[in-house]
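J.: Single-letter residue listing:
There are 2 protein chains.
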Amino acid sequence: MAPNAEQVKYATRAEMERAVEMIRHTIGEDTVSIEDEIIRAHGYSEWSTINIDRLPVAVVFPSSTEQVSQIAKICHEYRVPMIPYSGASSVEGHFSAPFGGVSVDFCNMNKVLEVYAEDMNIVVQPSVSWMDLNDQIKHTNLFFPIDPGPSAQIGGMIGTNCSGTNAVRYGTMKDWVVNLTVVLSDGTVLKTRRRPRKSSAGYNLNALFVDSEGTLGLVTEATLKLATIPEENGVAVVTFPTIKKAASMATDVIRKSVTVGAVEILDDVLMSVINKMGATSRKWAGVPTLFFKFSGTKASVADSIQQVKQIAERHGADDFQYESDPIKQKALWSARKEALWSMLALRESDGHVWSTDVAVPLSRVAELIDQSKEDLQGLGLFVSVLGHIGDGNFHETIIFEDMDRQKVEDCVHKMVHRALDMNGTCTGEHGIGIGKKDYLLKEVGSVPIEVMRAIKGSLDPKWLMNPGKIFDFA
Amino acid sequence: MAPNAEQVKYATRAEMERAVEMIRHTIGEDTVSIEDEIIRAHGYSEWSTINIDRLPVAVVFPSSTEQVSQIAKICHEYRVPMIPYSGASSVEGHFSAPFGGVSVDFCNMNKVLEVYAEDMNIVVQPSVSWMDLNDQIKHTNLFFPIDPGPSAQIGGMIGTNCSGTNAVRYGTMKDWVVNLTVVLSDGTVLKTRRRPRKSSAGYNLNALFVDSEGTLGLVTEATLKLATIPEENGVAVVTFPTIKKAASMATDVIRKSVTVGAVEILDDVLMSVINKMGATSRKWAGVPTLFFKFSGTKASVADSIQQVKQIAERHGADDFQYESDPIKQKALWSARKEALWSMLALRESDGHVWSTDVAVPLSRVAELIDQSKEDLQGLGLFVSVLGHIGDGNFHETIIFEDMDRQKVEDCVHKMVHRALDMNGTCTGEHGIGIGKKDYLLKEVGSVPIEVMRAIKGSLDPKWLMNPGKIFDFA
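Protein chains in written order, with UniProt numbering: chain A, 1 to 474; chain B, 1 to 474.
No lab work stands behind these hints, which were simulated from the structure alone. Predicted, not measured: the structure shown is a model, and the values here were computed from it. Do not rely on the hints blindly, as some may be mistaken.
Since the list gives no way to pick one copy over another, a pair counts as held whenever it fits inside one copy or between any two copies.
Said to hold, decoys possible - DSS-like cross-link-like pairs, simulated, lysine-lysine; straight-line CA separation at most 25 Å:
{"hint": "1", "residue 1": "K442", "residue 2": "K191"}
{"hint": "2", "residue 1": "K462", "residue 2": "K328"}
{"hint": "3", "residue 1": "K256", "residue 2": "K138"}
{"hint": "4", "residue 1": "K337", "residue 2": "K309"}
{"hint": "5", "residue 1": "K298", "residue 2": "K256"}
Let's have the full structure, built from the sequences with the hints guiding it.
T.: Okay, here's the thing in structure tokens:
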């Protein structure tokens, strides 16, 4: 059974420091840092919706699965929490250290280990960035299709089951994992599978570790599937008089199963910000806009564009622009790409950013976005809406100053509860971390949380792996 | 921790009978059967590679999640194993009763409960057959794409993460589950999620229950995704001088990411059997043959066929036949559909059938099929090879008499070990059950099995849910 708060006894600060000494002694002087600045950078994030006061006592930098196992054995003996760190672009406090412990930074484990082009597989370490990975394998005509923010790394992407604009076509992280090597809390090394293309052999441990946010073990290696780089690409931009019309059109495209590479919604606020900041080389209409990506063979891309155009017309689109030239495509897609950065660039020096996401069934997404936009009217907050709308998933990004924090929290609270009322989830791709624990409990109720706790308790009885994330003690 | 063999104490036969009386008393006279014939039909299968002597003490027929929960509470109190039963088309002894207990037959829970066409979701009970389901929702222009054997039902399909010919296009069962209602061993009712189209909210309990073969709980309701019925379909049949050439061509189609609805390989034995039995209205060349399905828009189907044809030519295909007329398509696909039945029809009255599957990385599948065929030469066994080759997954079907059982076991053993040596799995879609426990241990080693046991122990500490499947006691 899962231990309760009284049964979990973590090391004291002095004991944690002794454990860190032991790690330094075991795996080497230069693999441990206790510098203030480094510790702070590993326990705090300005991108996070929530930060806590406590910090890790040290940061360790292992170079191999074996070293991670040695670290875990020592932490297990001394009862020291272990918090995995890679990329650090998560926004819900995933890598904060509410119980102290050591931050395990995988930056020295950032290599592509093996490429099996014929099998469409790649073996990587956790701190490979998905963009670097794609640069390194370009010559194979294959790519890894999950595309979150540019700084994301594979380890964190596994932890949160991340996705991005390509998810509507290619699915999310869970769909691309062939096997994982994981160090468990006592240092045991687990390899989930070999490399079959399909399997029904026992529990799906891959899927259990994906989205467990480091609470079950430290992922030290992953074999991933790869996709074939499409022969042809296309981008279309479609504008609408209202956000609801834009959202309805997008969901209709999904329901008709038109093959699209991505379908993204940007609200009037974002489109105006992009103009204001001169973020792209062209001027946009400051109205609700859908961005479509297409990919495939020449014939299939042409076919999909034709279908999308027809659906757009039926839904009263104001304008439909399509681009097949790769350079001009980039210019067209650039607005989608620059949206978040343009928004952030408008932040005052003492301003904060709150980025949050929810996902709902397809039929409710237009209404949810519309109502959420309405809620924001008159609050005096600077908020934009951007969504992976083909997945029923969208984001609110709020720029605010300290004095407005309560207003922002209320606003997020309302959006999440509305999504839950529509049978949705409190997060489509960001994960729970510390920031959404209460929402998860509200979403699924106490039984699933008890089951998650029981599973954690069975693999991590001392409750050392990234404690305080997803759920609290019993 | 998972209990060991000495710690698990099941009820005696007399105690099990008392528990059955209690179930009868609680949920009704006609919900329990102890008839010999019915019990035997629930504990034995002529399709199974393995059968054991022991049978369940009773079969119970619940009509609701609540009744299943009541049954579990009683079984939990009396320490009676519970074995889920739906469809009963599995081949590895999944529903046998090595420790006695009750078989929970879901035949009274066979309804489509809700259809959310706008969300592309459906809510079903476990004994709905996938074919009935598709009949019932035809008017929505949606369908459920996982297509195992015709008698399979959703509950069992969840238990084994089943797939079929469509898997190369649509994935396997795990990819189509939105949420599950599961009765745990003590009768607790768990609902994993609401109905978001995408989620990163906490552990992926859907994926944990899919492929757990009823060892973690009894699935009583499932929300599934649906796909849009394609506008156009096509079938092509391509013949080759050798099975290796056929397999190589098929894997090349996958690597180039040509959109195919299915790609199936049938060996010369099967094609000759189909001819011999007159199973279809036409005469086939008795040579290695690939069957392709295509689906999509008119333009995209035409495009895919063109690509497949070019690849076939490059790989030295003897013949390429394509059919766009739906009735003639059916005739063409019929050979694939009738393959197994034709083979079985040739079985003598005292003959047995052994159907087994493995899956390997894409680059190894041609070699594996070729070598496996070679191994069979001169053994005097009647064996055919059929494969979902786009997934690196293939089946051997062996018809044999009692005296040849050892020969057959050796043959399967060799094929599985060769697949493991090629970094594959002992089962791509059939599951482990009782028949492949040793192979699973060989495949993944002891650490993953320990982790699976620990997870089971945390959710089912009395080890009551379908015990003896996937792995043994510690």
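J.: Now tell me, hint by hint, if it's right for this structure.
T.: Structure-based check of all given hints:
Taking the shortest alpha-carbon separations for K442 and K191, only the inter-copy value of 13 Å comes in at or below 25 Å, while the best intra-copy value is 34 Å. Neither within a single protomer nor between protomers do K462 and K328 lie at most 25 Å apart by alpha-carbon distance, with minima of 55 Å and 64 Å respectively. Taking the shortest alpha-carbon separations for K256 and K138, only the inter-copy value of 15 Å comes in at or below 25 Å, while the best intra-copy value is 32 Å. With identical chains, the CA atoms of K337 and K309 are at most 25 Å apart within one copy only, with a shortest distance of 22 Å there and 39 Å across copies.
When the C-alpha separation of K298 and K256 is checked against a cutoff of 25 Å, the pair qualifies both within a copy, at 20 Å, and between copies, at 14 Å.
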